[in-house]
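2 protein chains.
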Amino acid sequence: MRNIKLVLAYDGTCYAGWQRQKGQPTIQELVEAAIAALTREKVILHGAGRTDAGVHAEGMVANFHSRTGIPLAGLVKALNNGLPPDIRVLSAENVANDFHARYNARGKCYEYSFIVAEIMPPLLLRYAAQVAMPLDLDAMEACLPLLVGSHDFTSFEASGSRESGRSEGKGAVRTIFTCRLQRAEEDADGICRLTIAGDGFLRHMVRNIVGTLFAVGTGRIAPHEFAGILAARNRAQAGATAPARGLKLKEVFYE
Amino acid sequence: MRNIKLVLAYDGTCYAGWQRQKGQPTIQELVEAAIAALTREKVILHGAGRTDAGVHAEGMVANFHSRTGIPLAGLVKALNNGLPPDIRVLSAENVANDFHARYNARGKCYEYSFIVAEIMPPLLLRYAAQVAMPLDLDAMEACLPLLVGSHDFTSFEASGSRESGRSEGKGAVRTIFTCRLQRAEEDADGICRLTIAGDGFLRHMVRNIVGTLFAVGTGRIAPHEFAGILAARNRAQAGATAPARGLKLKEVFYE
Numbered sequence: 001m002r003n004i005k006l007v008l009a010y011d012g013t014c015y016a017g018w019q020r021q022k023g024q025p026t027i028q029e030l031v032e033a034a035i036a037a038l039t040r041e042k043v044i045l046h047g048a049g050r051t052d053a054g055v056h057a058e059g060m061v062a063n064f065h066s067r068t069g070i071p072l073a074g075l076v077k078a079l080n081n082g083l084p085p086d087i088r089v090l091s092a093e094n095v096a097n098d099f100h101a102r103y104n105a106r107g108k109c110y111e112y113s114f115i116v117a118e119i120m121p122p123l124l125l126r127y128a129a130q131v132a133m134p135l136d137l138d139a140m141e142a143c144l145p146l147l148v149g150s151h152d153f154t155s156f157e158a159s160g161s162r163e164s165g166r167s168e169g170k171g172a173v174r175t176i177f178t179c180r181l182q183r184a185e186e187d188a189d190g191i192c193r194l195t196i197a198g199d200g201f202l203r204h205m206v207r208n209i210v211g212t213l214f215a216v217g218t219g220r221i222a223p224h225e226f227a228g229i230l231a232a233r234n235r236a237q238a239g240a241t242a243p244a245r246g247l248k249l250k251e252v253f254y255e
Numbered sequence: 001m002r003n004i005k006l007v008l009a010y011d012g013t014c015y016a017g018w019q020r021q022k023g024q025p026t027i028q029e030l031v032e033a034a035i036a037a038l039t040r041e042k043v044i045l046h047g048a049g050r051t052d053a054g055v056h057a058e059g060m061v062a063n064f065h066s067r068t069g070i071p072l073a074g075l076v077k078a079l080n081n082g083l084p085p086d087i088r089v090l091s092a093e094n095v096a097n098d099f100h101a102r103y104n105a106r107g108k109c110y111e112y113s114f115i116v117a118e119i120m121p122p123l124l125l126r127y128a129a130q131v132a133m134p135l136d137l138d139a140m141e142a143c144l145p146l147l148v149g150s151h152d153f154t155s156f157e158a159s160g161s162r163e164s165g166r167s168e169g170k171g172a173v174r175t176i177f178t179c180r181l182q183r184a185e186e187d188a189d190g191i192c193r194l195t196i197a198g199d200g201f202l203r204h205m206v207r208n209i210v211g212t213l214f215a216v217g218t219g220r221i222a223p224h225e226f227a228g229i230l231a232a233r234n235r236a237q238a239g240a241t242a243p244a245r246g247l248k249l250k251e252v253f254y255e
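Same order as they appear, the protein sequences are chains S and A. So the first sequence is numbered by our numbering: it starts at 1 and just counts up by one. So the second sequence is numbered by our numbering: it starts at 1 and just counts up by one.
Excised from the complex, chain S in its bound form:
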């Protein structure tokens, strides 16, 4: 039995997210179907995480067990032939039998793209959020060091997730390795990018952090209040959930 690790990229615009759901198009379902069509086996594809509806990925990782003898390069080509062009298998690798894309993941890196503009440029519509008011990027940047390190991120967790999605018994404590903001001037398309890497993320955590940073940027929340919001462990104190289309899973880290 082989254990095959895939790295995947997708445009999440037309999908109800990663995870299989009855009656909705999802990435997991389509990739599992492409594998099944190729190998004639019913497989379960284990993703490193679940991206929400509309969220994109440049480096999602997943694994599945199979008896197929197809060489790796042929597998990548054949799977891509069976998938719509907005989902691509970037690479395939044979891994140890006990490798699991989710349990073995040591961390993930996300990027959130946004643009400050009164009129949303049509060519950025799918891949960036729009903020129509001026943003104080210095104030937003001042909050970023507060996120780094190990914290209970309940304030930034989607409400109602406590019983359902929480994994591995670590509660709501997550460790953020780095968090930085690249400003529009450094980008050809005028996009600001928030990059955040950590050992794991709660449901909607990145989008809730970004939504709260937007509230700081527009002055609704003062930068000195940000630490208090994090410490409060209370979703009601943080800002709104930023739109899914700005979010992209860049990379999943393994040892």
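Hints may be right or wrong, so weigh each one.
What the hints assert, rightly or not - Here's a subset of chain A near chain S, in silico, CB distances under 10 Å, partners left out: (1) 56; (2) 85; (3) 90; (4) 94; (5) 95; (6) 119; (7) 126; (8) 186; (9) 187; (10) 191.
To be verified - Stretch-level coverage of chain S by chain A, calculated; a stretch enters the list once three of its residues show a Cβ under 8 Å from a Cβ in chain A: (11) 5 to 15; (12) 86 to 99; (13) 221 to 232; (14) 235 to 242.
For the record, the hints were derived by calculation from the structure and aren't laboratory data. Ideal Cβ placement from N, Cα and C applies to all residues, glycine included.
Using the hints, position chain A against chain S.
Positioned in the frame of chain S, the structure of chain A alone reads:
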């Protein structure tokens, strides 16, 4: 009677191009309909040019005559409310009565985006062409100075355009002001961009130039043959038409 100049941006993916066509969604038709709904006048919107199906724009210019008293800022907002989000009016301006977006244009700037990759990244699918073979960018770049200046560009004109689309009696002679290639290393997304500005462009001219440059890059045409292809005034000697999705009208120049 006012003469109003608009600057427009659009994602051409879902449209049959700029120009009104029976039974097909076009940019011109939708913007004319938005103007009519707002002003209660039937207007003709004169575009600076016609972008083909699938071609994008960041700075298309168009004008229309109207008796409306709506101030410019309100006009921009109201038109955008009436348009789908993949078409945006960026600005409006009152101009002299004899201004005509096409006849007064002194030039245009286009950008063609492409990526050299075996697997097309899903997030670039709408806005860049894919070249799956390695490209000799030095060889391609060596051809660019040959394009600059005034030339008869028949070799790069869509076949069958001679009788139909040719305007203003200048035949197939056009003047290219600048033509440069920005390499993938200089771009965050790994996109190569060919920027070309000139006083006018024949039908499919940029895409045929790019298709021919791809043939140079992959070695099917030698760089020294490029001048001969241009001089031949024969469409059959040049390369294929590069895909529409890589092309973007960046700007229209006026005096």
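So, going through the hints one by one against the coordinates:
1. At a threshold of 10 Å, the smallest CB-CB gap from residue 56 of chain A to chain S is about 6 Å, leaving the interface hint in force.
2. Taking 10 Å as the C-beta cut-off, the interface hint given for residue 85 of chain A holds, the closest approach to chain S being about 6 Å.
3. Checking residue 90 of chain A against chain S: minimum C-beta separation of about 6 Å stays under 10 Å; hint holds.
4. The interface hint given for residue 94 of chain A is broken, as the beta carbon of that residue sits about 19 Å from the closest beta carbon of chain S, more than 10 Å.
5. Proximity of residue 95 of chain A to chain S is violated relative to the hint, the smallest CB-CB distance being about 20 Å (cut-off 10 Å).
6. Interface restraint check: residue 119 of chain A against chain S, minimum CB-CB distance 5 Å, threshold 10 Å, status holds.
7. Given the 10 Å rule on beta carbons, the hint for residue 126 of chain A holds: about 8 Å separates it from the nearest Cβ of chain S.
8. At its closest, the beta carbon of residue 186 of chain A sits 9 Å from a beta carbon of chain S; the interface hint therefore holds under the 10 Å criterion.
9. This hint holds: residue 187 of chain A has a C-beta 7 Å from the nearest C-beta of chain S, less than the 10 Å allowed.
10. Against a cut-off of 10 Å between C-beta atoms, the interface hint on residue 191 of chain A holds, since the closest Cβ of chain S lies about 9 Å away.
11. Coverage of the region 5 to 15 of chain S by chain A holds [criterion: at least 3 residues with CB-CB distance below 8 Å; count 3].
12. Under a criterion of three residues with beta carbons nearer than 8 Å to beta carbons of chain A, the stated coverage of the region 86 to 99 of chain S is upheld, 5 such residues being counted.
13. Note: the region 221 to 232 of chain S has 0 residues with beta-carbon separation from chain A under 8 Å; the three-residue rule is not met and the coverage is violated.
14. Coverage of the region 235 to 242 of chain S by chain A is violated [criterion: at least 3 residues with CB-CB distance below 8 Å; count 0].
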